Amino acid sequence: MKRYGTFLLLALVLFAMPVWASSIGSIKNVEGQGWIERGEEKISAETGVRLQIDDILKTGNNGAMGVILHDDTIISMGPRSEMVVSEFVFKPEDGRFGLLAKFIKGTFSYLSGVMSKLAPESVKIETPVGMVAVRGTNFLVKVED
Amino acid sequence: MKETMLPLLSILLFCLLLTGCGSKRTTFVLLQDPGGTVGKISVTNEKGTQTLKEAGQSVVINSYTDAPGDVKPMEEAKIQSLFGKALKISPSEPTKFRFYFKFDSVELESGSIKVLQTVVQTAKDQNSKDISINGHTDRSGNEAYNYKLSWRRAMHIQNLLEEQAIDPTFILTTSHGEGNPLVPTADNVFEPRNRRVEVIIR
Numbered sequence: 090m091k092r093y094g095t096f097l098l099l100a101l102v103l104f105a106m107p108v109w110a111s112s113i114g115s116i117k118n119v120e121g122q123g124w125i126e127r128g129e130e131k132i133s134a135e136t137g138v139r140l141q142i143d144d145i146l147k148t149g150n151n152g153a154m155g156v157i158l159h160d161d162t163i164i165s166m167g168p169r170s171e172m173v174v175s176e177f178v179f180k181p182e183d184g185r186f187g188l189l190a191k192f193i194k195g196t197f198s199y200l201s202g203v204m205s206k207l208a209p210e211s212v213k214i215e216t217p218v219g220m221v222a223v224r225g226t227n228f229l230v231k232v233e234d
Numbered sequence: 034m035k036e037t038m039l040p041l042l043s044i045l046l047f048c049l050l051l052t053g054c055g056s057k058r059t060t061f062v063l064l065q066d067p068g069g070t071v072g073k074i075s076v077t078n079e080k081g082t083q084t085l086k087e088a089g090q091s092v093v094i095n096s097y098t099d100a101p102g103d104v105k106p107m108e109e110a111k112i113q114s115l116f117g118k119a120l121k122i123s124p125s126e127p128t129k130f131r132f133y134f135k136f137d138s139v140e141l142e143s144g145s146i147k148v149l150q151t152v153v154q155t156a157k158d159q160n161s162k163d164i165s166i167n168g169h170t171d172r173s174g175n176e177a178y179n180y181k182l183s184w185r186r187a188m189h190i191q192n193l194l195e196e197q198a199i200d201p202t203f204i205l206t207t208s209h210g211e212g213n214p215l216v217p218t219a220d221n222v223f224e225p226r227n228r229r230v231e232v233i234i235r
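Chains as they are written, first to last, in my numbering: chain E, 90 to 234; chain A, 34 to 235.
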């Protein structure tokens with residue numbers, strides 16, 4: 090009986106895995122030119138497009154974009170901006186957390202999600218001039234070219 | 034001629050790759066949270082750390098090899114002129130709902146039946162294309178069984194939403210079993226508040 094249960098659990102985990110593994114959040118708002126670079130692919134930014142680890146998010150001269158990650162972290166970008174989320178682990182059921190976002194250039198607004206409340210030390214924002222440690226909050230960053 | 038140019042050119046290219054084209058001067062500004070409280074951020078590089086604790090405080094770092102500058106207040110007008118477009122496009126916080134279930138069942142508690150219409154209306158009003166459905170159980174019964182039960186609860190809600198014309202490609206359904214309780218309890222404890230499905234509309 091117990092073995093049967095374990096097997097079922099494994100089957101369910103494997104079944105659900107592809108969705109869990111691939112999506113870390115989605116695009117909510119877009120204005121003007123915005124896109125995602127995923128390996129060789131270039132994906133036009135639209136509401137509902139799901140984000141993956143290491144996607145490069147970019148906006149053009151008049152572009153702006155806002156995304157919501159699965160722990161409810163909200164990040165938005167103004168024109169001529171570029172960022173990557175290179176780590177995202179949100180598994181409250183196992184107590185595992187991790188978020189690393191890299192603000193490469195442009196303007197950003199950041200609003201903490203659940204991860205900042207449950208495990209603030211696991212959230213880091215990288216910029217070209219230094220790292221930001223976040224204690225449950227809302228802030229802005231502008232990286233000049 | 035070629036031989037003398039080549040090392041110079043390589044050095045120039047290397048510097049461009051290493052530093053990019055500009056200084057990367059970066060400005061950080063702390064804001065008030067939507068709930069009215071103010072958190073804090075610390076900005077750190079090899080040369081030092083600076084902490085912002087009050088809304089409207091800002092700090093500038095000129096480059097990776099410069100220490101963070103002094104903490105200075107930034108006026109609202111300046112904030113708007115620098116960050117207006119990013120602030121304007123920033124999405125609203127997600128809306129969350131909970132459905133509660135009868136013991137060892139996918140049947141909704143009577144009080145939760147009316148939640149469905151609110152969820153459907155909110156998803157449509159917000160033009161949501163990202164809806165999470167997370168199933169949970171309490172800790173009575175074994176872990177594997179509960180994982181399956183919370184999956185069935187979550188799928189039940191997914192089916193109800195689909196019946197109300199919510200596009201299934203917008204929905205991401207997961208099962209948390211007994212591992213992520215709203216109210217932590219010892220094992221094998223009945224706790225109706227943990228028998229739930231949470232729906233997050235983004």
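For the record, the hints were derived by calculation from the structure and aren't laboratory data.
None of the values given here were measured: they were computed from a predicted structure.
The beta carbon of each residue, even a glycine, is placed where N, CA and C say it ideally should be.
It is possible that part of the hints are untrue.
In silico lysine to aspartate or glutamate, EDC-like type, Cα no more than 20 Å apart, as pairs [to be verified]:
| no. | chain 1 | residue 1 | chain 2 | residue 2 |
| --- | --- | --- | --- | --- |
| 1 | A | Lys121 | E | Glu135 |
| 2 | E | Lys206 | A | Glu176 |
| 3 | A | Lys162 | E | Glu233 |
| 4 | E | Lys191 | A | Glu195 |
| 5 | A | Lys111 | E | Glu233 |
| 6 | A | Lys157 | E | Glu135 |
| 7 | A | Lys57 | A | Asp99 |
| 8 | A | Lys162 | E | Glu215 |
| 9 | A | Lys80 | E | Asp143 |
| 10 | A | Lys57 | E | Glu215 |
| 11 | E | Lys180 | A | Glu176 |
| 12 | E | Lys213 | E | Glu135 |
| 13 | A | Lys157 | A | Glu195 |
Which stretches of chain E does chain A cover? Using the computed rule of at least three CB atoms under 8 Å from a CB of chain A, they are [stated by the list, open to error]:
| no. | segment |
| --- | --- |
| 14 | 136-146 |
| 15 | 149-163 |
| 16 | 172-185 |
| 17 | 216-224 |
Some chain E residues judged to face chain A by a derived CB distance under 8 Å, without partners named [unchecked claim]:
| no. | residue |
| --- | --- |
| 18 | Gln122 |
| 19 | Leu207 |
| 20 | Asn227 |
Verification of the supplied hints:
1. Lys121/A x Glu135/E: It holds: about 17 Å lies between the C-alpha atoms, which stays within 20 Å.
2. Lys206/E x Glu176/A: violated (27 Å)
3. Lys162/A x Glu233/E: violated (33 Å)
4. Lys191/E x Glu195/A: violated (37 Å)
5. Lys111/A x Glu233/E: Given that 20 Å is the threshold and the Cα spacing comes to 16 Å, the pair holds.
6. Lys157/A x Glu135/E: The given pair, whose Cα atoms are some 17 Å apart, holds under the 20 Å limit.
7. Lys57/A x Asp99/A: holds (11 Å)
8. Lys162/A x Glu215/E: Violated, because 29 Å separates the two Cα atoms, which is more than 20 Å.
9. Lys80/A x Asp143/E: Cα-Cα ~28 Å, so violated.
10. Lys57/A x Glu215/E: It holds: about 13 Å lies between the C-alpha atoms, which stays within 20 Å.
11. Lys180/E x Glu176/A: With a Cα-Cα distance of about 17 Å, the restraint between Lys180/E and Glu176/A holds, given a limit of 20 Å.
12. Lys213/E x Glu135/E: violated (26 Å)
13. Lys157/A x Glu195/A: holds (13 Å)
14. 136-146: As far as the segment 136-146 of chain E goes, the hint holds, because 3 residues have Cβ atoms under 8 Å from chain A.
15. 149-163: Held - the segment 149-163 of chain E has 8 residues with a Cβ nearer than 8 Å to chain A, which meets the minimum of three.
16. 172-185: With 3 residues close enough to chain A, the hint holds.
17. 216-224: Coverage by chain A holds for the segment 216-224 of chain E (9 residues, Cβ < 8 Å).
18. Gln122: Constraint on Gln122/E not satisfied, violated at 12 Å.
19. Leu207: This hint is violated: Leu207/E lies away from chain A, its Cβ roughly 11 Å from the closest one there, beyond 8 Å.
20. Asn227: holds (4 Å)
When the structure is compared with the earlier hints, violations turn up for hints 2, 3, 4, 8, 9, 12, 18, 19 and for no others.
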